[in-house]
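J.: From first to last, the protein sequence lines stand for chains A and B. Heads up: the first sequence begins at 90 in my numbering, then just goes up one per residue. Heads up: the second sequence begins at 85 in my numbering, then just goes up one per residue.
Hints in this document: simulated from the structure, not taken from any laboratory. Glycine is no exception: its CB is placed at the ideal position from the N, C-alpha and C atoms. You may find that some hints are simply not true.
Part of the chain A face toward chain B, derived, beta carbon under 8 Å [claimed, not checked]:
hint: 1; residue: L100
hint: 2; residue: L122
hint: 3; residue: R287
Residues from chain B that keep clear of chain A, each with C-beta distances beyond 10 Å, as calculated [unchecked claim]:
hint: 4; residue: H114
hint: 5; residue: A125
hint: 6; residue: A128
hint: 7; residue: I132
hint: 8; residue: P181
hint: 9; residue: E185
hint: 10; residue: Y190
hint: 11; residue: L224
hint: 12; residue: V228
hint: 13; residue: H230
hint: 14; residue: M235
hint: 15; residue: V236
hint: 16; residue: L262
Below, computed lysine to aspartate or glutamate pairings styled on DMTMM-like, alpha-carbon distance capped at 20 Å [as the list claims (entries may be wrong)]:
hint: 17; chain 1: B; residue 1: K370; chain 2: A; residue 2: E124
hint: 18; chain 1: B; residue 1: K370; chain 2: A; residue 2: D267
hint: 19; chain 1: A; residue 1: K221; chain 2: A; residue 2: D267
hint: 20; chain 1: A; residue 1: K221; chain 2: A; residue 2: D258
hint: 21; chain 1: A; residue 1: K96; chain 2: B; residue 2: E394
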Amino acid sequence: MQRRWHKLMILALALSVFGAARLGFEAELHQSLREANLLPTPLSTTTREKIGQTSSAVALGGLRTLVATFVNLRTVGQFETRRWADLAETLETVVALAPRTGFYWETGSWHLAYNAAAYYLHDSELPALRRKEAWRSFIQHGRTLLERGTQHNPDDWRLWSNLGFLLTDANKIAAFNDPNECFASAEVAYTRAVNTGRALPYLRRSRLYALARVQGREAEALAMARALYAEGSHNRTPTLLVLLMVLESHADPNFDLASRAIQECGSPSEALKLLGNHWRRTRDRYPVFGIPLAIRKLETQLNVPADQSILLQPAAAPPQVDDWFQSDR
Amino acid sequence: MPLAPPHAEATTRGSHLGRIRVIAAHTFTHLVRMKVFYFLAVFAAMIIASNAFELPHHATPETMGVNVLRAIKSWSLGAMTLFSVVMAVVATALLIPRDVEDRTLYTILAKPVPRVDYLAGKLCGVLLLLAVSLLAMDLLMVAVLHWRTAMVAADQIQMAKQLGWNAQAIDSLRSDVLAQGPTATLQTAVLAVFLRAAVMAALALFISTFSTSTLFTTVITFLIYFIGHFQADARDWYLHAGQLGQGWLARSAGLLLAMVLPDLQLFDVIDAAIEGVTIPLWINAKLCLVALYYAVFFTLASWWVFSDKEF
Numbered sequence: 090m091q092r093r094w095h096k097l098m099i100l101a102l103a104l105s106v107f108g109a110a111r112l113g114f115e116a117e118l119h120q121s122l123r124e125a126n127l128l129p130t131p132l133s134t135t136t137r138e139k140i141g142q143t144s145s146a147v148a149l150g151g152l153r154t155l156v157a158t159f160v161n162l163r164t165v166g167q168f169e170t171r172r173w174a175d176l177a178e179t180l181e182t183v184v185a186l187a188p189r190t191g192f193y194w195e196t197g198s199w200h201l202a203y204n205a206a207a208y209y210l211h212d213s214e215l216p217a218l219r220r221k222e223a224w225r226s227f228i229q230h231g232r233t234l235l236e237r238g239t240q241h242n243p244d245d246w247r248l249w250s251n252l253g254f255l256l257t258d259a260n261k262i263a264a265f266n267d268p269n270e271c272f273a274s275a276e277v278a279y280t281r282a283v284n285t286g287r288a289l290p291y292l293r294r295s296r297l298y299a300l301a302r303v304q305g306r307e308a309e310a311l312a313m314a315r316a317l318y319a320e321g322s323h324n325r326t327p328t329l330l331v332l333l334m335v336l337e338s339h340a341d342p343n344f345d346l347a348s349r350a351i352q353e354c355g356s357p358s359e360a361l362k363l364l365g366n367h368w369r370r371t372r373d374r375y376p377v378f379g380i381p382l383a384i385r386k387l388e389t390q391l392n393v394p395a396d397q398s399i400l401l402q403p404a405a406a407p408p409q410v411d412d413w414f415q416s417d418r
Numbered sequence: 085m086p087l088a089p090p091h092a093e094a095t096t097r098g099s100h101l102g103r104i105r106v107i108a109a110h111t112f113t114h115l116v117r118m119k120v121f122y123f124l125a126v127f128a129a130m131i132i133a134s135n136a137f138e139l140p141h142h143a144t145p146e147t148m149g150v151n152v153l154r155a156i157k158s159w160s161l162g163a164m165t166l167f168s169v170v171m172a173v174v175a176t177a178l179l180i181p182r183d184v185e186d187r188t189l190y191t192i193l194a195k196p197v198p199r200v201d202y203l204a205g206k207l208c209g210v211l212l213l214l215a216v217s218l219l220a221m222d223l224l225m226v227a228v229l230h231w232r233t234a235m236v237a238a239d240q241i242q243m244a245k246q247l248g249w250n251a252q253a254i255d256s257l258r259s260d261v262l263a264q265g266p267t268a269t270l271q272t273a274v275l276a277v278f279l280r281a282a283v284m285a286a287l288a289l290f291i292s293t294f295s296t297s298t299l300f301t302t303v304i305t306f307l308i309y310f311i312g313h314f315q316a317d318a319r320d321w322y323l324h325a326g327q328l329g330q331g332w333l334a335r336s337a338g339l340l341l342a343m344v345l346p347d348l349q350l351f352d353v354i355d356a357a358i359e360g361v362t363i364p365l366w367i368n369a370k371l372c373l374v375a376l377y378y379a380v381f382f383t384l385a386s387w388w389v390f391s392d393k394e395f
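Next up, chain B with everything else stripped away, as it sits in the complex (with noise of 0.2 Å):
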C-alpha cells in the first residue's frame, strides 16, 4: 500500500471551518487596528444632528415631532448603508495587496492552508467587522429613536388630552407613532443593509483576485453597486422585450446584464421599512438566501481564479 506524501497529510490536517475562523479572526483584529471604528463618532454626531430636524412650521398639529422619527431613520439607515457598503469594499479590496505586500500572504500559503479556507477566512472576517459595526450603529440608532420616540408621544399625548380626545382616540394616536419609532420592522431593515454589503464584499473580493490594484477594486465595485441597482430593469428588458417588438439583439444585451451583474435593488426594502411597512419574515429568508448565494458563488469564482495564482 503506497504512502501518502508527507505534505498531502498536512493539507488535510484540521478542520475547513478552523481554518477559517482563525484567518477571520485575525483579519477582523487587523481590520479593527486600521481604527475603522472612528466611523462611529461621525455616525453619532449624524445621529445628534437628525434630532435637529424637527420642523416645526411644517407640519400640522397632529403630527408635529413624528417627521422627526423619521430623520432620524432615514438618516441612521442612509449612514449605515453607505458606511457598509464603504467599508465592505473597500476593507476587501485592500485586504489581498495588503498581505502581498506584508509578505503575510507568502507565510499564511507556504503553510497547509487551501486557498480557498484563505479566501473564505478573509470575507468573513470582512463581514464580522461588518456585523460589529451595524451592531454598534444599531444600537446607536434604537438608543437614539427610543428616546426621542417616548418625547414625541409624550408631547403629542398631552395634545390630545388638552383636546379633550378620549382613551380610544389616545391609544389610536400611540400607536401611530410608535409605529415610527424603533420596530422590528426596522431590525429587519438593518439586515437588509447587512446582506447588501456582503454581496458587496464578495463581490470586492472576486474582482480583487484579478485586478492590478486596490483602486481598480474599489473604482470597479462601486461602478457595479450602482449599476446592480438597474439590474432588475435590464432583466424586465430581456423578458418583455419580446412584447416590445424588440430584436433578439436588445434581449441578448438585458440578458448578459440580468445575467453578469447582481440585483441590489432587492434589497432597497430598507426604504419601506424607515416608513413603517411591515416586512414579512419570508421575505427576509428569501433575501438572506439571495445574499448567500452571492457570497457562495462570488467565493467559489474567487477561488478559482486565485487558485493557481503566482506571487
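Extracted from the complex, chain A is given alone in its bound form (with noise of 0.2 Å):
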C-alpha cells in the first residue's frame, strides 16, 4: 500500500515537472500562433447560448468552421422567408464561430446592406417613417459587418472591395451622414484592396473614383489620374477621362477642356457625347469643374441650338432619401 502511495506521489510529481516545463513553450507557441491569426478568438457567451449546447461542444471541441457551415445554412432560411432581424443575428453567429472566412462578412453584408434595404424600400407594409429607418439601418449595419470583416481579414481584397463599392454606391449613401467622408472611406477601402496585391486590375480606377468626389483632395486624385492615365490605354476609361480633364481644370482655370476632349474622342461630337454624360451622371456625385464651359464650347463649334443645350435637359437629381419613402404603401 505504501508503495503504492509512493509511486503515486512519484507520479505526480512527475505530472507537475512535465506540465512546467512545457509550460512557457506552449504559452510562447499559442501567442505565435494568435498573433499570426492561426488560431480563431475565443467564444464568447452570447455565441455559445444562441448555437446550443450541442454545437458548443463541438464548436469547442476545434470544430468551429464545421458549425459555422451549419449555422450559415439557417441564414438561407431566413433571406428566404425575409426575417431580416432574425438573418442578422444568425449573422453574427456565424462570423463569431468563423471570424476568418470572408465568405461570411461579404454575404452577410450583401444580405443587409442590399437585400433587407431593399425589401423595406419596395415591400415591407410598415409606414414611410419605419420603413426610412430599417433601410438606412440594415445599410449602415452591413457597411459595419464588412468593416468588422476587414478588421479580421486584412488580407481579403474582396471583403476591402466591397466596402469600397458599398460607400460609393448612388443608391445607398443617402443612408449615411456625411458623403465626403463615405467617398474618404471608400478610397481607403480600395487602396487596402489594391495593397493586397491580388485584387483585379479595375479596383486602381475604383479608388481614383473615390478619391476625385473626395472635396479638398483634388490635387491628390489628379495626380492619380494622370499616373492611372500614363500606365496605357486599358486605363483611359470614359469616367477616367473626363476626371482627368476635369481634375485638370480644377487646377488650373485656364486648361482648355474642350480642345483636350476633341482630342481624346477624335471629333467634337464624340467630344460632346462624353462630356455630356458626365454632366448628365448627377447620381453619381462626380466634380464637374470646366465641364459647363466646355460643353457650351462644343456646342457652339457644331451649332446645336442654345435651347437644346444639354446643359438644359433634365438630368437626376443626386438621390433624395425622403424622395423614395413619401408614402405609406
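Build the complex: two chains, separate frames, hints provided.
T.: The structure is reproduced here in C-alpha cells:
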C-alpha cells in the first residue's frame, strides 16, 4: 500500500514537472499562433448560448468552421422568408464562429445592405418613416459588418472592395450622414484592396473614382489620374478620361477642357457625347469643374441650338432619400 | 565471474524497436479485424453530401461555388477530427481490457517482453491505424475537392469571360478559386488532426493503465478532450492573474489545470487551414514537437503505472 502511494506521489511529481516544463513553450507557441491569426478568437458566452450546448461542445472541440457551416444554413431560410432581424442575428453568430472566412462577412453584408434594405424600400408594409429608418439601419449594419470583416481579414481584397463599392453606391450613400466621409473611406478601402496585390485591376480605377469625389483632395486625385492615364489605353475609360480633364480644370482654370476632349475622342461630337454623359451623371456626385464651359464651346462649334443644350436638359437629381419614402404603401 | 541468470539473457534478446514493431503490427491487424474501416463509407457519403451545399441564392456571382469548396473542406476535416479522436480514444481504451479478456496479455507478458515495449507497441498500432484511416480520408477529400474545384474554376472563368474581363483579372480569379481547393496547407491541417488524435491516444493509454473499465477510460478521456481546449485559458489565468488582482488560490488553481491538462487548442490551426490561411512550416514542426512530448510522457507514465501491475 505504501509502495503504491509512493508510486502515485512520483507520478504526480512527474506530471507537475512535465507540465511546468512545457508551460512556457506552449504559452509562447499559443501567442505566436494568435499573432499569426492561426487560432480563432475565444467564443463569447452569447455566441455559445445562441448555437446551443451541443454545437458549443462541437465548436469548443475544435470544429468551429464546421458549426459555422451549419449555422450559416439557417440564414438561407431566413433570407427566403425575409426575416431580416433573425438573419442579422444569425450572421453575428456565424462570423463569431468563423471570423477568418471572408465569405460570411461578404454575404452577410450583401444580405443586410442590399437585400434587407431593398425589402424595406419596396416591399415592406410598414409606415414610410419606419421603412426609411429600417432601410438606413440595414445599410449601416451592412457597412459595419464589412468594416469588422476587414479588421479580421486585412488581406482579403474582396472585403475591402465590397466596402468601397457600398460606400460609393449612389443608391446607398443617402443612408450615411456625410458623403465626403464615405468617399474618403471608400478610397481607403480600395487602396487596401489594391495593396493586397491580388485585387482585380479595375479596383485601381475605382480608387481614383472615389478619391475624385472627396472635396479638398483634388490635387491628390489629379496625380493619381495622370499616373493611371500614363499607364496605357487599358485605363482610359470614359469616366477616367473625364475625371482627368475635370481635375486638370480644377488645378488650372485656364485649362482648355473642350480641346483636350476633342483630342481624346477624335471629334467634337464624340467629345460632346462624353462630356454630356458625365454632366448627366449627377447621381454619382462626380466633380464637374470646367464641364459646363466645355459643353458650351463644343455645342457652339457643332451649331447646337441654345435651347437644345445638354446643360438645359433635366438630369436626375442626386438621390434624395425622402423622395423614396414619401407615402405609406 | 558470476553468470547472468537465464531470464536476464532472455529479456535483452532482440531490440526494443523490433518488439514494438511486432506488437504494433499485431495491434493494427487486430483493430482492422474489428471492421473499423467501415466508417470510410460514412465519410464518403458525408463528402458527397457536402457537395450539395451550394447555396445559389446565398452568394454573389463572384463567390458562386466557392462556398461549396469551403463546405467540403470543413465537413471533411470536421469528420476527420471526430473519427480520428473517437477511434484514438475508443481503440486505445479497448486495448488492455481486450488483451486481458482474451488472455493475450498473459501470453505476451510471460515472454521476455518489457512492459514499456508492450505499451509502446500498442500505442504505435493505434497510431498506425489512425495514420492509415486519415490517409484514406485525405485521399477521398483531395479527390472530391480537386474535381469540384475544377468545376467551380471553369464556371467562374466562363462568367469572367462573358463579362469581358482581361487575362490579368481572370488569372486573379482563378488563383482565388484554386486557393480554396486542395492545397499543401490543407495537408498540414490533416497533420494537425493526426497529432491531436495521437495525443488523445497516448492519454487514453495512460488512463487505461489505472482505469477499472473501458467505459471509464473513454468517458474520462473525452472529458479531458473538451477541457483540454480550455487549458490555454487556465494558463493565461495563472500567468495574468496577478495583474488582475487575483489571489494565490486562483493562481494555483490555474497553474494546476495548466500543468495537468494538455493544451489541445494549439491544434485548432485546422480552422485557419480550412479558411485558406497558410500555416508556416516552423509551426508544424513545433506542433509535432508538442505532440511527441505528450506521447512520450504519457507512454512513460503508463509504463510507470503498468510496470508492477498484477493480473
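J.: Are there hints from earlier that the structure breaks, and if so, what are their numbers?
T.: 18
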